[in-house]
Amino acid sequence: MDKQKQQEAYRDYVKWKTPVHNLPLNMAKAFVTGGTICLLGQMILNKCEAMGLDQDVCGSVTSVSLILLSVLLTGWNLYPRIAKWGGAGALVPITGFANSVAAPAIEYKKEGQVMGIGCKIFTIAGPVILYGVFTSWVLGGLYWIWEAAR
Amino acid sequence: MMGDERIKGKVREAVQTGAQTKVQTGAQSLSFVNAPFLSCAASVTGKKEGEGPLGRLFDHVSGDDLFGENTWEAAESAMQKLACSLTLQKAGRKASEIRYLFGGDLLRQGTATSQGVEGFDIPMFGLYGACSTAGEALALAAMSVAAGYGERMLAVTSSHFGSAEKEFRFPLGYANQRPLSAHWTVTGSGAFLVTAGAEQSANIPGDAGTGQSAAMPGQVKISGVTVGKIVDFGLKDSQNMGACMAPAACDTILQNFRDFGRGPEDYTRIITGDLGHIGQSILFDLMQDNGYDIRGNHLDCGMLIFDQETQDTHSGGSGCGCAAVTLASYIYPKLRNGEWERVLFVPTGALLSTVIYNEGASVPGIAHAIILEHAAPGR
Numbered sequence: 001m002d003k004q005k006q007q008e009a010y011r012d013y014v015k016w017k018t019p020v021h022n023l024p025l026n027m028a029k030a031f032v033t034g035g036t037i038c039l040l041g042q043m044i045l046n047k048c049e050a051m052g053l054d055q056d057v058c059g060s061v062t063s064v065s066l067i068l069l070s071v072l073l074t075g076w077n078l079y080p081r082i083a084k085w086g087g088a089g090a091l092v093p094i095t096g097f098a099n100s101v102a103a104p105a106i107e108y109k110k111e112g113q114v115m116g117i118g119c120k121i122f123t124i125a126g127p128v129i130l131y132g133v134f135t136s137w138v139l140g141g142l143y144w145i146w147e148a149a150r
Numbered sequence: 001m002m003g004d005e006r007i008k009g010k011v012r013e014a015v016q017t018g019a020q021t022k023v024q025t026g027a028q029s030l031s032f033v034n035a036p037f038l039s040c041a042a043s044v045t046g047k048k049e050g051e052g053p054l055g056r057l058f059d060h061v062s063g064d065d066l067f068g069e070n071t072w073e074a075a076e077s078a079m080q081k082l083a084c085s086l087t088l089q090k091a092g093r094k095a096s097e098i099r100y101l102f103g104g105d106l107l108r109q110g111t112a113t114s115q116g117v118e119g120f121d122i123p124m125f126g127l128y129g130a131c132s133t134a135g136e137a138l139a140l141a142a143m144s145v146a147a148g149y150g151e152r153m154l155a156v157t158s159s160h161f162g163s164a165e166k167e168f169r170f171p172l173g174y175a176n177q178r179p180l181s182a183h184w185t186v187t188g189s190g191a192f193l194v195t196a197g198a199e200q201s202a203n204i205p206g207d208a209g210t211g212q213s214a215a216m217p218g219q220v221k222i223s224g225v226t227v228g229k230i231v232d233f234g235l236k237d238s239q240n241m242g243a244c245m246a247p248a249a250c251d252t253i254l255q256n257f258r259d260f261g262r263g264p265e266d267y268t269r270i271i272t273g274d275l276g277h278i279g280q281s282i283l284f285d286l287m288q289d290n291g292y293d294i295r296g297n298h299l300d301c302g303m304l305i306f307d308q309e310t311q312d313t314h315s316g317g318s319g320c321g322c323a324a325v326t327l328a329s330y331i332y333p334k335l336r337n338g339e340w341e342r343v344l345f346v347p348t349g350a351l352l353s354t355v356i357y358n359e360g361a362s363v364p365g366i367a368h369a370i371i372l373e374h375a376a377p378g379r
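Residue numbers (the working numbering), protein chains in the order written: chain A, 1 to 150; chain B, 1 to 379.
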């Protein structure tokens, strides 16, 4: 018990001692970065619409373009720099997700197509996919019950 | 005849107990009667380390962090191999003249070492003490020489930013924001020759090093060691290793003071391995709580090797290579030429694995202290 208290005291002390990123500044940078990526997406979407493409196709083209851009920037080692500055602004959009798949693919390529890329490509994105699918399944179920009860 | 044997036995016993009380000092330390020499040292680093404050002191700085290999792991092994070769070359020794090798790294199953030193054909011990391995290897090498188990031992450790990130954190291309308390793993390897007698070492012509060793008068002795215990303050943040290791560093330094009846004033410098900026300030506080002020003569290899402001390394450098290359390039020459009289070298390690960390285990620390002393030439 005494040791536990000592450990808690040390944890509090370390927390007080350790500097952290400036939150308001980080939020401002995330806003600019995330906003820029979304603006880029909107520009692609508008361009597609101006070309007279179908609404669904326009959305897909936008997503795929942003993913391609992110993967290329990851390969050129530029995306980590954007995220270092922009934080969650670079991580939350679809480009961040693409980076989290491309980065392991590059890193683990040397361990082989199956054991390397195959097994490890989703080491970071895996949880997002699993719990994303699971959450949509639960919400779908709830929606179905809601509709049935109406 | 029987009587003779009995007397001989008694003398042997008396000598042994006498020697034991002399060598075994306090609860955790050894002070060597015939102190072994740290005869030669060599350092090999990557590009970023070469651009740091100690850059021009390293024996070999590679512009290519892959060291001509295909993988980070093979690159780390190549560094170890090069560090060992350079040490042997400087000392003018062949691998066959080395009795045992003590080596370690941060990778799973210590493969950077086994792959790196394989070609030398030296009987070896693979060690793991996280970033404290440089201290562990030097302590064991010195103990083995002092005990008469061999004339010459080689100690080598390494770490590589690429292989360590992959092992402990994320793939290099993954975009994230590192916390300010995070360390930057040093890409480097340091090798050391520990010998029973004083041996000359020469500089290698045309080498990137500054050639201090050739001109350096005097020798460096390993006069004693304090072997550290595992110290766990229950911290669970692997991204704040300085705070995880500072209690261990404090514990070992205090034990060294107790065992030898010394204080901070008895050491020209007390140099920890890789506590970094945050760990150092915690160590100062912990030492202060125990009645010692080491602010005046403390240095940390993790803070020396990178420029925190310009190199974006947050809390400082870390890894088995951090303490090793700093000792080889910066501390060792100062001891050789007598600028520093006595240094307490305390490599620190955070004992974690990604598996037990994810399972909720805390990150304990360990630190070993090596007493390095300047010895006048010809001794």
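Among the hints, a few may not be true.
For lysine-lysine, the following DSSO-like pairs were computed, each having C-alpha atoms within a straight-line distance of at most 30 Å [said to hold, decoys possible]:
1) B:Lys229 with A:Lys15
2) B:Lys94 with B:Lys229
3) A:Lys3 with B:Lys334
4) A:Lys3 with B:Lys236
These are computed hints drawn from the structure, not numbers from a lab.
Each hint, compared with the structure:
Between Lys229 of chain B and Lys15 of chain A the CA atoms are separated by roughly 25 Å; this keeps the pair inside 30 Å, and the hint holds. Proximity of Lys94 of chain B to Lys229 of chain B is assessed by CA-CA distance (about 35 Å); at most 30 Å being required, the pair is judged violated. At roughly 42 Å between alpha-carbon atoms, Lys3 of chain A and Lys334 of chain B are farther apart than 30 Å, so this suggested pair is violated. Using a Cα cut-off of 30 Å, the hinted pair Lys3 of chain A and Lys236 of chain B holds, with the two alpha carbons roughly 15 Å apart.
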